[in-house]
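Quick note, the sequences are listed as chains A and B, same order. If you're matching positions, the first sequence starts at 0 in numbering that gives the first Met the number 0 and goes up one per residue. If you're matching positions, the second sequence starts at 0 in numbering that gives the first Met the number 0 and goes up one per residue.
By construction, these hints were calculated from the structure, which means they are not laboratory data.
Where chain B lies over chain A, by a calculated footprint (3+ residues, C-beta under 8 Å): (1) 125-139; (2) 167-177; (3) 268-278.
A few chain A residues facing chain B, derived, Cβ under 7 Å: (4) I58; (5) V148; (6) I151; (7) I155; (8) C156; (9) V159; (10) V160; (11) Q163; (12) T256; (13) G259; (14) A263; (15) V264.
Think of the CB as a built atom: it goes at the ideal place given N, C-alpha and C, for glycine as much as any other residue.
In case you want the letters, here they are:
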Amino acid sequence: MSEADLILVIVVATALTFDFTNGFHDTANVVATSISTRAMAPRIAVGYAAILNFVGAFISLEVAATVASDVVEAGAVTPTVVFAGLVGAISWNLITWYFGLPSSSSHALIGGVVGAAFAAAGAGAVLGEGVLGKILIPAIIAPVVAFVVGGIGIVICYRVVGGQRPGPVTRGFRLGQIVSGGLLALAHGTNDAQKTMGIIALALIANGSLAQGADPPFWVVVSAATAIALGTYMGGWRIIKTMGTRIIKMDTAQGFTAQGAGAAVILSSTHFGFPLSTTHVISGGVMGAGAGKRLSAVRWGVAGDIFTAWLLTLPMAAGIGAAAYGFVSIFGSGAVGPLIVSVIGVALTVMAFVRRFRQVTPEVART
Amino acid sequence: MSAAISALATIVDTTALWETVVAAVVAGIGVSAIFSVAIFAAARFGELGREGRSAPALAYGALAVVSGVAFLSAIAGGLWLMATD
Chain A
0 MSEADLILVI VVATALTFDF TNGFHDTANV VATSISTRAM APRIAVGYAA
50 ILNFVGAFIS LEVAATVASD VVEAGAVTPT VVFAGLVGAI SWNLITWYFG
100 LPSSSSHALI GGVVGAAFAA AGAGAVLGEG VLGKILIPAI IAPVVAFVVG
150 GIGIVICYRV VGGQRPGPVT RGFRLGQIVS GGLLALAHGT NDAQKTMGII
200 ALALIANGSL AQGADPPFWV VVSAATAIAL GTYMGGWRII KTMGTRIIKM
250 DTAQGFTAQG AGAAVILSST HFGFPLSTTH VISGGVMGAG AGKRLSAVRW
300 GVAGDIFTAW LLTLPMAAGI GAAAYGFVSI FGSGAVGPLI VSVIGVALTV
350 MAFVRRFRQV TPEVART
Chain B
0 MSAAISALAT IVDTTALWET VVAAVVAGIG VSAIFSVAIF AAARFGELGR
50 EGRSAPALAY GALAVVSGVA FLSAIAGGLW LMATD
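One chain only, chain B, in its complex shape (with noise of 0.2 Å):
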């Protein structure tokens, strides 16, 4: 079993194909994270502007707009570092 094992890491290139799988797990669930904390946000933003609490409104309110930026910029990122490396 280990023979075999050792034998399909010599053909298959196991660090590139470690990096995939990084990569596609830290980008999928950190930018599904990231947009969920933006939507959180946005939501509380709204019911707190309705209640009048204009402080923790605005404090929220300022999350959604970083977790947006991060959002977005995350997205970028990966795709200028697709096009440029």
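Next up, chain A with everything else stripped away, as it sits in the complex (with noise of 0.2 Å):
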């Protein structure tokens, strides 16, 4: 094995931890409702996340397109400008893990490939019509169109059910929602596992391995797949135990309609080869179906959170991004820096997880 493919393989293995981190950060977000409102039992509803998660990453490849040719000049980037971009993103990721800000995995990835870009090839690698017209104004964009047609949707459930006895009523939206929340979870397979798959097409090409503005390989896009799905499975288990005191109780009608929402507008962003922020968006839906029914209902300093870590994401996962890529090139060209910086990672990640469960579990164990 050249240094070369070495440097590749480490740069595959980093994007799938990147896609299973990301699955297993937003378990919460798509199971979070069915299981809140009783509509599907936890074990189920994380099963059922996982598999539509999986078959989601197969419905299309708009964003992984956009992702792989977009964002930087895949002719500026090299492997290992890609594997800084990934340290940068799951390094912001695992910070506001720690410290429970509610982050975007997907601005993390896109700030930590533009920062890493950057330190390498300068201004000129990144694409800064694609950041703004396919990144940007579509992140500020979603989450409120999400919010409006949550808003819209409860207020018309409401309006056609309002006369009617309230189990039936219950039953039904309970209903919906396993429909709902199989969307959602799609939804979030679909757009969340392509960025993945756009990220290694991105080091691929950046070593030759494939052609500029080709598709990603099969085994891409089923390893991105297996890695989200796998991600979301194992995420489910720890929301399963903390879920009484995380999810927010809302009526079936309201899940019903946040996950509409949500899915409505990831998939339809999905579509047009927007990569989005899916939890921004399901958080819009969230917001927007809790609002429908009173305003006062909604948290207002989660939106206030958001919005602060909407803000930070982009140039503090592009600054780690930089500065992973300033360290590894300390190395040389070659695949020690990767390496060093691999074993580094992991050890504190390891870390950080063992850290952040001693101070968690004795909290849990006491509700």
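Assembly of the complex is requested from the two constituent chains, each provided in isolation within its own frame, with the hints serving as guidance.
In structure tokens:
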């Protein structure tokens, strides 16, 4: 195996690790509504979401194409740049997870890659128009649209079923949530798994293993789908343990509408190749469904936290990506730098997990 | 201000963005509305059936079935469009 191939293997493994953590991170968003309204038992909800995450990854390749060709100049980046970008994204995800900030894995990924490309090849390597037009503007619009759709949707639902007995209505929307929850998992799989596919495709292009503009190979699609589905499945078990303290209570109509709004926005954006933050869109749908019933039902403080995290994520991940590239470059252009960073990264991740679980476990035991 | 907006319009694919917003609004609100009608009709079907009013119950039953089929068809159609277009 040549040194270039070894770097590529490290990049692919890192990208799939990112994909796994993305699924792990986002399980709560996808299944929390179904579990809190008792539309599905936790075990079934998590398994169902994992399967549909996997299936969703095969629906479209538009987002993968955007990530591979509209964010950074493929000709100006190397697999090491992609690796540094992934380090930036994973680091920011871990930092925000450690401190409990609601950040977007997708924005962290884009930020990390942009920062690393900027550090490696200057401003010319960053496709500003693509970042603005395909990432930033849709990132602002999508959660607002989800909020509006969730808000109007719940008002219509209440108007239509308002005079009916609550029993059949609750059971009906609970049934609907099986479909809307499934759609949301499908949407999450298709948008988020494709980001990893795009990143691996970018590394393959940089390595000369894939023609520029070509679709990701099938093994990339399958491995990205598998990684996000496994992450979703594994992440769910932690959520089930602590769900009683984390999930906002909402009725089945709100759950159905919030999930429907999130799925509609993510799926239509995916169709046009916009890589969104699924976390922000789902939050927008949930807040819209809450606000449609009663404005005070929405935890506006959470919205503020999401906005702050949104502002910070791109620049912070870009900064870490650039710093990671600088550190890797100290060891030359070979595989030594990525190997050292990988070992340090794994050690720090294990330390962070151990520390966090030591802090969380006594609280969970008390509840 | 207008110069900034027109500069943005040249960078952003406004057609794709607009189509995304319209598709999301129509699909999100439309599907919720259709499913609500299905639930309303199913609830009325049950209620009228218990009261022994079979003719209106049957009409609501038919409406529930039609709305349910429309709900599932809209979702299947959307996914088919995504996978094939």
